[in-house]
Amino acid sequence: MKFVHDIKADFTADIVYMMCPMHLLKLDEMIKELEIGQMLEILTDYDGALEDIPAWCQKTGNEFIGIEESEDYYKFYIRKTVE
Amino acid sequence: MRKCYFDHVATNPLLPEVFDAMVPFFKEDFGNPLSVYELGIKARDVIENARISVAALINAKPSSIVFTSSGAEANNFALKGIALAKQNQGKHLIVSRVEHHSILNTARSLEKMGFVVTWLPVDKYGLVDPEVVKKAIVKETILISITHASSEIGTLEPIKEIVKIAKEKKVPLHADGVATTGNIPIDVKELGVDLYSMAAHQFYGPKGAGALYVKEGIRIVPLIYGGIQEGGRRAGTENVPAIVGMGKAAEITSRDLNSRISHCKLLRDKIIDGVSKIPNVYLTGHPENRLPHHASFVVEFIEGEAMLLMLAMKGIYAASGSACSSKALKSSPILLSMGIQSALAQGSVVFSVGIDNTLEDVEYFLNEFPQIVNRLREMSPFAKGWKTGAEGDKCYTGG
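Going down the list, the sequences are from chains A and B.
All letters in the first sequence, in the order written, are residues 31 to 113 by my numbering.
All letters in the second sequence, in the order written, are residues 300 to 698 by my numbering.
So here's chain A without its partners, still in its complex pose (with noise of 0.2 Å):
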């Protein structure tokens, strides 16, 4: 897992405290939105996503810039780098 501090980013969800599959949805649904070369952050607290986020982004193209770690949740930085 790739560990990093003050990412800024260009979009945040929120999804802290939403179940599986929020965190795929909303990644989904948000990365639409972005440009290509913008930057996504996800927050969640749900820990199925460390595994599910670096896997979506391997299999959609995107790139996993990695995460943070705050006291009660999780940041995920994604950066958009195919449509």
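Rather than coming from a laboratory, the hints here were simulated on the basis of the structure.
Being a predicted model, the structure only gives us computed values, none of them experimental.
Idealized CB from N, CA, C, for every residue including glycine.
Hints may contain errors.
[Unchecked claim] Partial selection, computed: residues in chain A whose CB lies under 7 Å from chain B:
#1 M31
#2 V46
#3 Y47
#4 M48
#5 M49
Given the coordinates of chain A, work out where chain B should sit on it, guided by the hints.
Showing chain B alone in chain A's frame:
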């Protein structure tokens, strides 16, 4: 015999247009909103249209509306959802003493789970003093929940002023708007509330549909886990007909609200004027700052349930704040919190009018009600000597 339904705080009849809008979703358009084919897409679309209509009724963003099964569920969701979401920041909640049971009992259940609740007092009109709210807030406070209006006394609470204080202290505020939505204009942005509960049947929509407004950016733990319905905030296959009905009722209410208010106020004022002429009857709640369709009283020397039964025999349907169970008379905690003595609080009666009521209904009621009060007083052991004032209890009325 004339039938006068004066219990619109209990529920309202479904508008025919609302019923018509709902019917196809019980029949041919029965699809599950999550299905990918046409039936599902149609169900999904009508839910989103209903969300737009409900949001418009309270001037909210559609994405901030979460449909629930009732106002009670919305209230439970607000309290438990915020308490659980913010428990790492603190475990203190502030709740008024004039809340509906869906707030009172939820707060009590949270107390059992280790949360601490400050129960705010009210004045003789049932009003929460914003300064008292200010004093109650501590570092660990994570939520303030105040009803916008109690359906028992009709008093409109100073939500806007309380929100100002809550914002200064950075504490989210939930207002229970079940009794207000559809009866007065609501603008959640102007009020500044973070969460606001509603129930469709309070504005001529169906039972089984409610909603919680959750301001953008507020994190809330779902009450019900499962699927991705309501953006993952409330799982369970949606009650599509009920949600469609709520949307239609919201749309009609937005259109008709001003005329509804004028109509109800006229009837309500006649009820207040007429009933206030009966000796030893006192208006409860605020005399002016109250729900436009709501008139509530305490009637000295007699008991609310007896009045309701005798009224029903005359075709007049009303409510009482008092509860009588297992022969043990229990006074309304809301009336007691306003300083009304227990004996007087037993004589609580609430009349709430609606669009189906007429001036003739009110005239009929005003002719019957004094006779019922007199008859019950003649039978009441507590009323001995009340006409002369010699032995009647001198009760603090609060009014």
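A quick look at each hint next to the structure:
1. M31: violated (24 Å)
2. V46: Nearest chain B Cβ about 5 Å off; hint holds.
3. Y47: Interface hint status for Y47/A: holds (5 Å vs cutoff 7 Å).
4. M48: M48/A check passes; min Cβ-Cβ to chain B is 4 Å, inside 7 Å.
5. M49: Holds. Min distance 6 Å.
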